[in-house]
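If you want the building blocks of each chain, they are given just below.
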Amino acid sequence: MNRQRSKQSQFKIVLLGESAVGKSSVVQRFVKNSFDEYRESTIGAAFLTQSIHLSKNDILSSGDNDNSITTDTIDDDGITVKFEIWDTAGQERYRSLASMYYRNANAAIIVYDITQLESLDKAKYWIKELQRQANKDTIIILTGNKLDLNDERKISIDDVNEFTSIYNLLNFEVSAKTGENVNQLFKDIAIKLVIKNLKSNNNLNTTNKHSNTINLNQNTNNTTNDQNCAC
Amino acid sequence: MKPRILGKSKPVPDTPSPSVSTPSSTIPSPPPQSIQCPICNIPMSSLIKLNNHIDSQHLNQRQSIPRNHYIKSNKCHKCNNSSITNCCICGLTFCSNHINRGKVNSLLEFDKNGIWCDCCIDCINKLPNIISPINNLTDEFKELRNKRLINESLKNLLLDRRLDKVFNWMLNNVINEESFINFEKSLVNWNNQGNCQCCLNTFTWLNRRHHCRICGESVCGDLQKGCSMIVPLGMLFELLIVDKDISIQERDRIRNLLKKDKFGLRICKECKRRVLNKKVFLLDKQQFDDEMVKFFNIWKLISKKLESEDLSFIKDDLENKLYVNYFNKLDKLIKDIDLFINKGNCKNDEIRILTNLKNVIIKFIKINLPILRKSQNVKLEKERQKLQNIINDRPKLSKRELREKRDKLIVLNEQKFLVTEMYETFKKQRRFDDLKTLDINLEDIEKEINQLNLELGDETFTI
Numbered sequence: 001m002n003r004q005r006s007k008q009s010q011f012k013i014v015l016l017g018e019s020a021v022g023k024s025s026v027v028q029r030f031v032k033n034s035f036d037e038y039r040e041s042t043i044g045a046a047f048l049t050q051s052i053h054l055s056k057n058d059i060l061s062s063g064d065n066d067n068s069i070t071t072d073t074i075d076d077d078g079i080t081v082k083f084e085i086w087d088t089a090g091q092e093r094y095r096s097l098a099s100m101y102y103r104n105a106n107a108a109i110i111v112y113d114i115t116q117l118e119s120l121d122k123a124k125y126w127i128k129e130l131q132r133q134a135n136k137d138t139i140i141i142l143t144g145n146k147l148d149l150n151d152e153r154k155i156s157i158d159d160v161n162e163f164t165s166i167y168n169l170l171n172f173e174v175s176a177k178t179g180e181n182v183n184q185l186f187k188d189i190a191i192k193l194v195i196k197n198l199k200s201n202n203n204l205n206t207t208n209k210h211s212n213t214i215n216l217n218q219n220t221n222n223t224t225n226d227q228n229c230a231c
Numbered sequence: 001m002k003p004r005i006l007g008k009s010k011p012v013p014d015t016p017s018p019s020v021s022t023p024s025s026t027i028p029s030p031p032p033q034s035i036q037c038p039i040c041n042i043p044m045s046s047l048i049k050l051n052n053h054i055d056s057q058h059l060n061q062r063q064s065i066p067r068n069h070y071i072k073s074n075k076c077h078k079c080n081n082s083s084i085t086n087c088c089i090c091g092l093t094f095c096s097n098h099i100n101r102g103k104v105n106s107l108l109e110f111d112k113n114g115i116w117c118d119c120c121i122d123c124i125n126k127l128p129n130i131i132s133p134i135n136n137l138t139d140e141f142k143e144l145r146n147k148r149l150i151n152e153s154l155k156n157l158l159l160d161r162r163l164d165k166v167f168n169w170m171l172n173n174v175i176n177e178e179s180f181i182n183f184e185k186s187l188v189n190w191n192n193q194g195n196c197q198c199c200l201n202t203f204t205w206l207n208r209r210h211h212c213r214i215c216g217e218s219v220c221g222d223l224q225k226g227c228s229m230i231v232p233l234g235m236l237f238e239l240l241i242v243d244k245d246i247s248i249q250e251r252d253r254i255r256n257l258l259k260k261d262k263f264g265l266r267i268c269k270e271c272k273r274r275v276l277n278k279k280v281f282l283l284d285k286q287q288f289d290d291e292m293v294k295f296f297n298i299w300k301l302i303s304k305k306l307e308s309e310d311l312s313f314i315k316d317d318l319e320n321k322l323y324v325n326y327f328n329k330l331d332k333l334i335k336d337i338d339l340f341i342n343k344g345n346c347k348n349d350e351i352r353i354l355t356n357l358k359n360v361i362i363k364f365i366k367i368n369l370p371i372l373r374k375s376q377n378v379k380l381e382k383e384r385q386k387l388q389n390i391i392n393d394r395p396k397l398s399k400r401e402l403r404e405k406r407d408k409l410i411v412l413n414e415q416k417f418l419v420t421e422m423y424e425t426f427k428k429q430r431r432f433d434d435l436k437t438l439d440i441n442l443e444d445i446e447k448e449i450n451q452l453n454l455e456l457g458d459e460t461f462t463i
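Chains as they are written, first to last, in my numbering: chain A, 1 to 231; chain B, 1 to 463.
Source of the hints: derived by calculation from the structure; they are not laboratory data.
Glycine residues also receive a C-beta, built at the ideal position from the N, C-alpha and C atoms.
Keep in mind that the hints are not guaranteed to be accurate.
[To be verified] Quick list of in silico lysine-lysine cross-link-like pairs, DSS-like style, CA-CA up to 25 angstroms:
{"id": "1", "chain 1": "B", "residue 1": "K366", "chain 2": "A", "residue 2": "K32"}
{"id": "2", "chain 1": "B", "residue 1": "K366", "chain 2": "A", "residue 2": "K12"}
{"id": "3", "chain 1": "A", "residue 1": "K199", "chain 2": "A", "residue 2": "K12"}
{"id": "4", "chain 1": "B", "residue 1": "K225", "chain 2": "A", "residue 2": "K82"}
{"id": "5", "chain 1": "B", "residue 1": "K225", "chain 2": "B", "residue 2": "K272"}
{"id": "6", "chain 1": "B", "residue 1": "K272", "chain 2": "B", "residue 2": "K315"}
{"id": "7", "chain 1": "B", "residue 1": "K315", "chain 2": "A", "residue 2": "K12"}
[To be verified] One side of the interface only, derived from the structure: several residues of chain B facing chain A at Cβ under 8 angstroms:
{"id": "8", "residue": "T437"}
{"id": "9", "residue": "I445"}
{"id": "10", "residue": "I449"}
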């Protein structure tokens with residue numbers, strides 16, 4: 001039982017969007033906390049991992065928490081969440097590749113460039129495709145990048161808000177260059193995922209008395225071995 | 001004048017002079033009054049004077065036909081072919097098909113005493129009375145010719161019989177020196193003439209008389225002129241068996257007998273021409289039969305069969321197999337011909353014939369093979385479609401889908417490579433927990449690639 005829960009502390013995230021909107025830069029800011037002015041465009045899909053720590057308070061005070069999750073459910077140390085990030089290439093050529101990665105992703109970050117109108121169109125296209133093809137549980141986050149170029153903004157936040165409210169999506173505006181909002185974005189995603197996870201676990205294990213706590217920090221290396229075991 | 005060779009020019013006193021007439025200068029000059037100018041009948045004292053007379057007096061007449069009415073043109077007046085000959089009467093230009101010759105005098109009229117000139121057919125036809133009546137000697141000629149032909153064939157027959165005699169003797173008698181000399185002399189009576197019957201040179205103590213054993217005439221033994229030569233019996237036998245029906249054992253027996261034989265029959269040029277050449281030809285033809293004619297026959301057979309078939313449509317596998325087989329045979333034929341040429345025992349003419357044959361075959365293949373290939377493709381396509389309809393019932397991919405699928409396959413393969421590389425680096429960095437994810441991803445990619453391959457089927461790499 002523990003094993004199954006600890007596995008859920010890893011979340012798969014996929015980044016989608018028009019090319020040159022800054023998907024890789026956002027990921028780089030989050031993973032390495034750095035920024036390249038001149039990045040080469042991604043080939044295929046890149047794989048990166050990053051862990052963040054969520055304190056007990058973070059989760060409990062989250063807006064998503066509708067009191068179904070109580071202090072008992074979470075360790076005092078809080079939860080460490082590991083992201084497995086698939087950063088896909090935005091070029092048209094690699095579009096067919098994306099489906100493989102968003103198919104069983106826990107969250108999909110759809111990035112657009114706030115200085116480019118077309119990138120939002122592309123983002124809308126992705127949203128539609130995800131709603132049609134992807135897992136229904138996948139959380140979709142619409143993210144506008146290049147907040148540092150606020151002066152050249154072409155897409156107003158209100159338009160996007162309107163759009164996201166229709167589809168019931170999360171909505172962020174970040175800047176990979178300055179790092180503004182990037183960590184917040186991932187943290188929010190983590191909290192949302194964790195709560196969602198806990199809720200479903202709660203539903204499943206209401207009868208199970210031993211399942212008061214979840215040890216999400218269990219050695220993942222071990223679990224890997226266990227998983228590979230034929231029994 | 002020919003340079004004189006010792007012993008040849010001096011006539012032997014008791015033999016008549018050779019029938020070939022010698023140039024006039026050597027003939028004792030005839031009485032002076034017999035030389036007359038053929039045109040003006042003035043008597044001349046010598047031939048040289050007559051020559052000079054004709055050159056000075058009568059040559060002008062030749063040039064007296066006026067040419068100022070000639071029309072300059074390089075086209076035939078009748079058929080527009082290029083030509084440069086003018087009719088000397090009307091002056092127009094004609095090609096060789098429309099020009100004839102007639103005797104014309106200086107007044108541009110046809111005249112018996114005129115000079116031979118080029119005249120167009122029209123001009124000749126305009127004056128039909130000028131043409132002299134035709135003296136038809138065809139029948140007479142035919143008669144003479146027939147007589148001569150009968151004589152010739154009789155003579156040939158006689159010589160043939162004698163060769164048969166030689167052959168029978170070789171078959172039935174023990175060949176030794178004594179019997180051979182006896183036989184040689186019994187074959188025909190030898191004529192003793194004073195000069196060679198082939199080159200007409202008189203015999204001297206240097207130029208000895210020999211006898212042809214077949215016709216019995218006296219001939220010289222000059223090897224350079226080849227008036228006669230000694231043909232070894234072995235060689236003669238090979239020629240003689242050409243049109244004879246004898247068993248192989250018998251043939252080999254006599255071949256062995258004559259192998260180290262030093263005997264030979266002297267045969268003259270004339271007899272060689274009359275009877276032996278025929279056998280040489282037959283022998284050549286027989287040898288040809290072995291290789292060259294065989295090639296040609298094969299080619300003829302296959303091409304005839306292929307031409308009678310309609311290559312643009314293949315009914316079934318059997319027919320396809322048949323056609324392919326034909327082409328394979330042609331291919332093999334070309335290789336055989338090449339091999340035969342490269343063996344190096346061919347004469348130049350044979351090589352030329354074979355090369356030409358080869359070229360013809362290659363040309364035939366070049367023209368007809370694409371037709372067969374095309375129809376094969378059509379057939380294959382049909383079968384493939386049938387199979388697809390029956391087994392898979394999968395709709396055929398459109399061109400666009402095909403392209404997209406191929407692109408996807410390429411991208412997937414790229415991604416597979418990337419992930420594999422990532423896998424390796426992660427392994428080095430000992431990030432084992434992440435390897436699992438990559439592993440799953442690799443499996444996914446593999447699955448997709450397999451799926452795509454399945455969908456694309458044979459069309460993965462075809463363009």
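Results for each hint:
no. : hint              : result
1   : B:K366 <-> A:K32  : violated (67 angstroms)
2   : B:K366 <-> A:K12  : violated (62 angstroms)
3   : A:K199 <-> A:K12  : holds (18 angstroms)
4   : B:K225 <-> A:K82  : violated (113 angstroms)
5   : B:K225 <-> B:K272 : holds (13 angstroms)
6   : B:K272 <-> B:K315 : violated (59 angstroms)
7   : B:K315 <-> A:K12  : violated (60 angstroms)
8   : T437              : holds (5 angstroms)
9   : I445              : holds (7 angstroms)
10  : I449              : violated (11 angstroms)
Checked against the numbered hints given earlier, this structure breaks hints 1, 2, 4, 6, 7 and 10; the rest are met.
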